[in-house]
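Peer 1: Sequence:
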Amino acid sequence: MIRGGQNYVSSAPAFSNDGKRLLVCSGSTVSIFSTGTGSLVSSLEGHTASVTAVVVVPSSTGLSYCWTASVDGTIRHWDFSVPECVNIIDLCLPIFSMVVPSILSPREENGKTPPNVIAYVSVQGIKAPPDNPTKPLYGQIRKCNLTHFRSVSNLIMKETERPESLTISPSGNFLGIKDKRKLHIWAVPKKDSDSAVSKKIILHHTKTLTVLAFHPTERTVAAGDVTGRILIWHEFGAQKFLSSSGLINGRSTDQENKDGVRQNDDAESSVTRHWHSSGVSCLSFSSDGAFLYSGGKEGVLVIWRLDTKKNYCLPRFGSPLLYFVDSPDRSLFSISHADNQMLILKKPSKPMEIISCISGIKPPLSSQDICEGLSSRVAFDCTSGLLAVQTENYAIQFYSLFANREVYEVQVCERNHQPVDEVTVVVSLVELSVDGSMMGTVDVKLPEDGIGGFICLKFWDLDDNKRFSLSTLIYEPHRDAHISAVAFHPTRPMAVSTSYGGDFKIWVCKEEIQQNGQMVRNSGWKCHAVGSYKNKAMRAAAFSADGSVLAVAADTVITLWDPNNNVLIAVIGETPMPITRLVFAGKSDYLLSVCHGSKPQLSVWSMSKLAASWSYRLQIEAVSSAIDLSYFAVLALLPKSNECTFKGDGIILLFKVTDPVPVASWSVTKIKPLLPNCGSSWKSQNPPWLMAECVAN
Numbered sequence: 057m058i059r060g061g062q063n064y065v066s067s068a069p070a071f072s073n074d075g076k077r078l079l080v081c082s083g084s085t086v087s088i089f090s091t092g093t094g095s096l097v098s099s100l101e102g103h104t105a106s107v108t109a110v111v112v113v114p115s116s117t118g119l120s121y122c123w124t125a126s127v128d129g130t131i132r133h134w135d136f137s138v139p140e141c142v143n144i145i146d147l148c149l150p151i152f153s154m155v156v157p158s159i160l161s162p163r164e165e166n167g168k169t170p171p172n173v174i175a176y177v178s179v180q181g182i183k184a185p186p187d188n189p190t191k192p193l194y195g196q197i198r199k200c201n202l203t204h205f206r207s208v209s210n211l212i213m214k215e216t217e218r219p220e221s222l223t224i225s226p227s228g229n230f231l232g233i234k235d236k237r238k239l240h241i242w243a244v245p246k247k248d249s250d251s252a253v254s255k256k257i258i259l260h261h262t263k264t265l266t267v268l269a270f271h272p273t274e275r276t277v278a279a280g281d282v283t284g285r286i287l288i289w290h291e292f293g294a295q296k297f298l299s300s301s302g303l304i305n306g307r308s309t310d311q312e313n314k315d316g317v318r319q320n321d322d323a324e325s326s327v328t329r330h331w332h333s334s335g336v337s338c339l340s341f342s343s344d345g346a347f348l349y350s351g352g353k354e355g356v357l358v359i360w361r362l363d364t365k366k367n368y369c370l371p372r373f374g375s376p377l378l379y380f381v382d383s384p385d386r387s388l389f390s391i392s393h394a395d396n397q398m399l400i401l402k403k404p405s406k407p408m409e410i411i412s413c414i415s416g417i418k419p420p421l422s423s424q425d426i427c428e429g430l431s432s433r434v435a436f437d438c439t440s441g442l443l444a445v446q447t448e449n450y451a452i453q454f455y456s457l458f459a460n461r462e463v464y465e466v467q468v469c470e471r472n473h474q475p476v477d478e479v480t481v482v483v484s485l486v487e488l489s490v491d492g493s494m495m496g497t498v499d500v501k502l503p504e505d506g507i508g509g510f511i512c513l514k515f516w517d518l519d520d521n522k523r524f525s526l527s528t529l530i531y532e533p534h535r536d537a538h539i540s541a542v543a544f545h546p547t548r549p550m551a552v553s554t555s556y557g558g559d560f561k562i563w564v565c566k567e568e569i570q571q572n573g574q575m576v577r578n579s580g581w582k583c584h585a586v587g588s589y590k591n592k593a594m595r596a597a598a599f600s601a602d603g604s605v606l607a608v609a610a611d612t613v614i615t616l617w618d619p620n621n622n623v624l625i626a627v628i629g630e631t632p633m634p635i636t637r638l639v640f641a642g643k644s645d646y647l648l649s650v651c652h653g654s655k656p657q658l659s660v661w662s663m664s665k666l667a668a669s670w671s672y673r674l675q676i677e678a679v680s681s682a683i684d685l686s687y688f689a690v691l692a693l694l695p696k697s698n699e700c701t702f703k704g705d706g707i708i709l710l711f712k713v714t715d716p717v718p719v720a721s722w723s724v725t726k727i728k729p730l731l732p733n734c735g736s737s738w739k740s741q742n743p744p745w746l747m748a749e750c751v752a753n
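When the letters of the sequence shown are read in order and numbered with the working numbering, they come out as residues 57 to 753.
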């Protein structure tokens, strides 16, 4: 099975000590990329669930060690130059965040014994406390001795409603979390152990906090909130973290003047900065502490000069920013984007110099019900192994399954995409021809206040550079009705589009013509024929393997047409719900249909008998057929009654079209969100449609 398209932005990445490699959490593995080329170098495999943290051990001798933590409850120690797992520590608790202060700053130890490596972890409690047995799952901040591990410490530093992300100061002296409208900050003990109690302060705010960052040298902490504001507290902990001499960093702890500090918080002063129009998601100080970098939904990196209170912005990245990470020598930095892309750049400056790009499969439009006919199904080019995926920025991403990387993008709509803007245009559908030389897309301009919406059908041709270029644009091909499906003829430049308005149209591309002794294609597409059946909504279409038959789903029945003469040949079937997908099973004499709703069904129809051959009452998420063989695969959601029989939420079934007994099956599990505000993914790190395509092809 081919695996690809992992989520690269679920957690912050980490640079190797020489800055030449970037370690990225990607599902249950850690992918190691070259920062110079963006290519995958190696991977760390062993965790059985999502990796949530990777911490590189600093070294000036060229050693390459790191710690990783995972929801599977284990912490692993790796030599990632080999790569090889050196040690496994099982906490038996799902780990959502981890920091290791002792590797950043040496701690006091007795005698000449090697220093203990103490990790602070954010875990999820799996047992309700005795005093409240009905309490739901909750988050805990706990400690763990990685050098002499016996069990996770019984000391619970903090409980939260859900596991929170831990942030460590560059010096390793402080760590903190955000919890609603509060910051909890701990001073790491100089003589640290898994039982040592850390001093803690709380800083308050009036809005929900989203992210925090520590100054590299001063007792200064910054936090962003949901409104786009950034608060900066100076000299925090002057009372609680006070040394015995009454001075910290040579400064007096006079508390008389506390500008901007709320509720008698333990800080000397607090200031506010505001540029972002929505929540701040990315925050980091520069290595010298002179600048503060912030990012949010606008896709803009704002650089604040702390001494002058001025700021300037790097250009729009086209997607919300999630993480900002410096390399150890401060020559490079990485920016993680919400569209599953990471950029490796030189130090922030104008103009911005991009060194390399690491991109996974980009997520589709977050709201699938924004318009009728919006399809989440991708197109697959069997000849090149490329997926064509609709993206939020009005583009089609072509992603290589074999290289597991983005190849290129096609901009469907020529307009600027601003992540903070309301969605006004949607690329609702993409389809490729069998040989991958033609593409059809549908984009919808959403109406504003019920006025001004329209639909565009576009045909694209593959040029000499193996890139798609626009051939024909057709406005309102089915009047004001939304397009439900597009399908290409297997051997000719012919396509069909169906609509919810009750008709389908057959489109043909003008034949090649000879000009000056050379064959030149006039790539204009035109309407060849129009068909309908009792004004029923046409929801799906498919050509037979030889192209002689066109099957069009008219609600609950299948109409069969001669596409050349536009003649209705036969009408077959009566399904319990409207048919949403039609697929001919390779070169066989069988047609597959899928319907959803309260009575979902997968049906196999015999074209020679014009009757149903067999069917299953299954909720089908995806279906794919082999081109030359009479095999097909489906991804089905399992009903709750079968959870004890099969492990997982879904199952991939491989059928020979003549036999209702599956040839093979694979169970898949839909991973629950790591945190309540996170999206979901599949345990194999593949979206469901990708897995079905991989198995069948």
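Read the hints as simulated data drawn from the structure, not as lab findings.
Source: prediction; values computed, not measured.
Treat the hints with care, since some could be wrong.
[Claimed, not checked] Subject to a maximum C-alpha distance of 30 Å in a straight line, what follows is the list of computed DSSO-like cross-link-like pairs (lysine-lysine): (1) K566 with K582; (2) K366 with K402; (3) K501 with K402; (4) K643 with K582; (5) K582 with K592.
[What the hints assert, rightly or not] Distance windows between CB atoms, simulated: (6) L526 with C438: 46 to 52 Å; (7) P718 with D520: 21 to 27 Å; (8) K76 with F458: 53 to 59 Å; (9) C438 with K566: 23 to 29 Å; (10) C413 with P245: 38 to 44 Å; (11) P245 with G345: 39 to 45 Å; (12) L685 with N621: 26 to 32 Å; (13) V113 with P718: 26 to 32 Å; (14) S334 with T714: 51 to 57 Å; (15) I212 with K712: 31 to 37 Å; (16) V97 with S387: 16 to 22 Å; (17) C413 with P632: 43 to 49 Å.
The beta-carbon is built from N, C-alpha and C at its ideal position, and this holds for glycine as well.
Peer 1: Does K582 sit within 30 Å of K566, going by the straight-line distance between their CA atoms?
Peer 2: Holds: K566 and K582 sit about 8 Å apart, inside 30 Å.
Peer 1: Determine whether the Cβ-Cβ distance between S334 and T714 falls within the hinted range of 51 to 57 Å.
Peer 2: Holds, since S334 and T714 (Cβ atoms, about 55 Å apart) stay within the stated range.
Peer 1: Could you see if the CB distance from L526 to C438 stays within 46 to 52 Å?
Peer 2: This hint is violated: roughly 24 Å between Cβ atoms.
Peer 1: CB of L685 to CB of N621, is that within 26 to 32 Å?
Peer 2: Holds - the Cβ-Cβ distance for L685 and N621, about 30 Å, lies within 26 to 32 Å.
Peer 1: Within a Cα-Cα threshold of 30 Å, do K582 and K592 meet the stated pairing?
Peer 2: 24 Å, holds
Peer 1: Please check whether I212 and K712 have a Cβ separation lying inside 31 to 37 Å.
Peer 2: 56 Å, violated
Peer 1: For the pair supplied as a hint, K501 and K402, confirm whether the alpha-carbon distance does not exceed 30 Å.
Peer 2: Violated. K501 to K402 sits at ~38 Å, over the 30 Å cutoff.
Peer 1: Could you see if the CB distance from V97 to S387 stays within 16 to 22 Å?
Peer 2: 19 Å, holds
Peer 1: So does P245 sit 39 to 45 Å from G345, Cβ to Cβ?
Peer 2: The hinted range 39 to 45 Å is violated for P245 and G345, with Cβ atoms some 24 Å apart.
Peer 1: For the pair supplied as a hint, K366 and K402, confirm whether the alpha-carbon distance does not exceed 30 Å.
Peer 2: 22 Å, holds
Peer 1: Does the beta carbon distance between K76 and F458 stay inside 53 to 59 Å, or does it fall outside?
Peer 2: This hint is violated: roughly 25 Å between Cβ atoms.
Peer 1: Given the hinted pair K643 and K582, is their Cα-Cα distance within 30 Å?
Peer 2: 28 Å, holds
Hint violations for this structure: numbers 3, 6, 7, 8, 11, 13, 15, all remaining hints satisfied.
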